[in-house]
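S.K.: Sequence:
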Amino acid sequence: MGRLFLTHLDGNVYSCKHCNTHLGLAGDIISKAFHCKHGKAYLFHKVVNVTPGVKEDRMMMTGMHTVCDIFCVGCGSIVGWKYEAAHEKSQRYKEGKYILERLRSSSPDQRASDLATPILELDDAHGNVYRCKHCRTHLALADDIISKDFYCKDGKAYLFDKVLYIASIVNVSVGEKEDRMMLAGMHTVSDIFCVRCAVILGWKYEVAFERTQKYKEGKFILSR
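Counting from 7, one number per residue, gives the positions in the sequence shown under my numbering.
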C-alpha cells in the first residue's frame, strides 16, 4: 500500500470527527442553512482529502439531484456528498459544490458491522417482543406486524403498525423527513434510530404519493 499524502490547511479548519483529517476551510463555506438526515450540514465551495463514490440520482427536499457521497481519505468515513447535477434550474448553483455533514453518529467500522449483521431479533424471555440486537432495547410487538414481505437494501424487513411508544415514540428517535424513491413509488419517509445505541433501525412512512400505497402512512419499517 502506498504512502497516503494529505493536504494540510491553515486557518479556521473543519476536520473529520473520527481521524482529524482536514476537510475544508471556514472561508469556503457558502451556506450553513443545509440539513441532512443526521442534522445540520454546510455547503462548501471546495474541500480536500476526500474521495468520491458512485454517482446516483437522489430526490431531496429541493428536487432531484445527481450526487455522489464523499469519503474521508484518512479513515473512510462518509463525510457528506458532492452535487454533480441539479435537475431544477433554481438549484444549479450547487453543481460542483460539496456538503459536509456537521455530525455523523458512527465510524465506518461501526456502520459496516451494523450492515453485516441483523439488527432485529426476538427477545427469548419475551417471545413476542422484537428488540435491537445491539443493545436489546425493546422496539415492537410481534402482534403489530402487518407484513413480513418487505425488503430493504440489506435484506428482509417487517412492516409494523407501531413501535413501542407512550404518547410519542420512546424507544426510537425519528430523523428528518425526506422524499425517497422506492420500488413501490415515491414516499416521504424519515429514518428511525434506536434511542439507546443510535443504530439505524429502519424508517417511518410519512406520506405515500401513490393512492395504492396510502396504507403505509404512519407505519414503521424495521430492518430484519
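Among these hints, one or two may not hold up.
As the list claims (entries may be wrong) - Simulated DEER-style distance windows between Cβ atoms:
#1 M192 - S37: 22 to 32 angstroms
#2 A204 - C74: 41 to 51 angstroms
#3 M192 - F11: 13 to 23 angstroms
#4 D63 - K220: 44 to 54 angstroms
#5 A39 - R217: 29 to 39 angstroms
#6 L12 - A32: 37 to 47 angstroms
#7 G59 - T13: 33 to 43 angstroms
#8 D149 - K95: 23 to 33 angstroms
#9 Q219 - C25: 39 to 49 angstroms
#10 G45 - E212: 47 to 57 angstroms
The set of hints was computed from the structure by calculation and includes no laboratory data. Backbone N, C-alpha and C define an ideal beta-carbon position, used for all residues, glycine too.
S.K.: Taking the hints in turn, state whether each one holds.
M.R.: Hint check results:
At about 26 angstroms, the beta-carbon gap between M192 and S37 stays in the expected band of 22 to 32 angstroms. Separated by about 25 angstroms at the C-beta atoms, A204 and C74 break the suggested range of 41 to 51 angstroms. Judged by the Cβ atoms, the range 13 to 23 angstroms given for M192 and F11 is violated: they are separated by roughly 43 angstroms. Between D63 and K220 the beta carbons are some 25 angstroms apart, a value that contradicts the proposed interval 44 to 54 angstroms.
Between A39 and R217, the C-beta spacing of about 34 angstroms keeps the proposed range 29 to 39 angstroms intact. Taking the beta carbon of each, L12 and A32 are about 19 angstroms apart, not inside 37 to 47 angstroms as hinted. At about 19 angstroms, the CB distance of G59 to T13 disagrees with the hint of 33 to 43 angstroms. Our hint of 23 to 33 angstroms for D149 and K95 is violated, since their Cβ atoms are close to 50 angstroms apart.
Under the hint 39 to 49 angstroms, the C-beta atoms of Q219 and C25, about 42 angstroms apart, fit the expected range. Separation of G45 from E212 is about 18 angstroms and departs from the stated range, judged on CB atoms against 47 to 57 angstroms.
In this structure, the earlier hints numbered 2, 3, 4, 6, 7, 8, 10 are contradicted, and the remaining ones agree with it.
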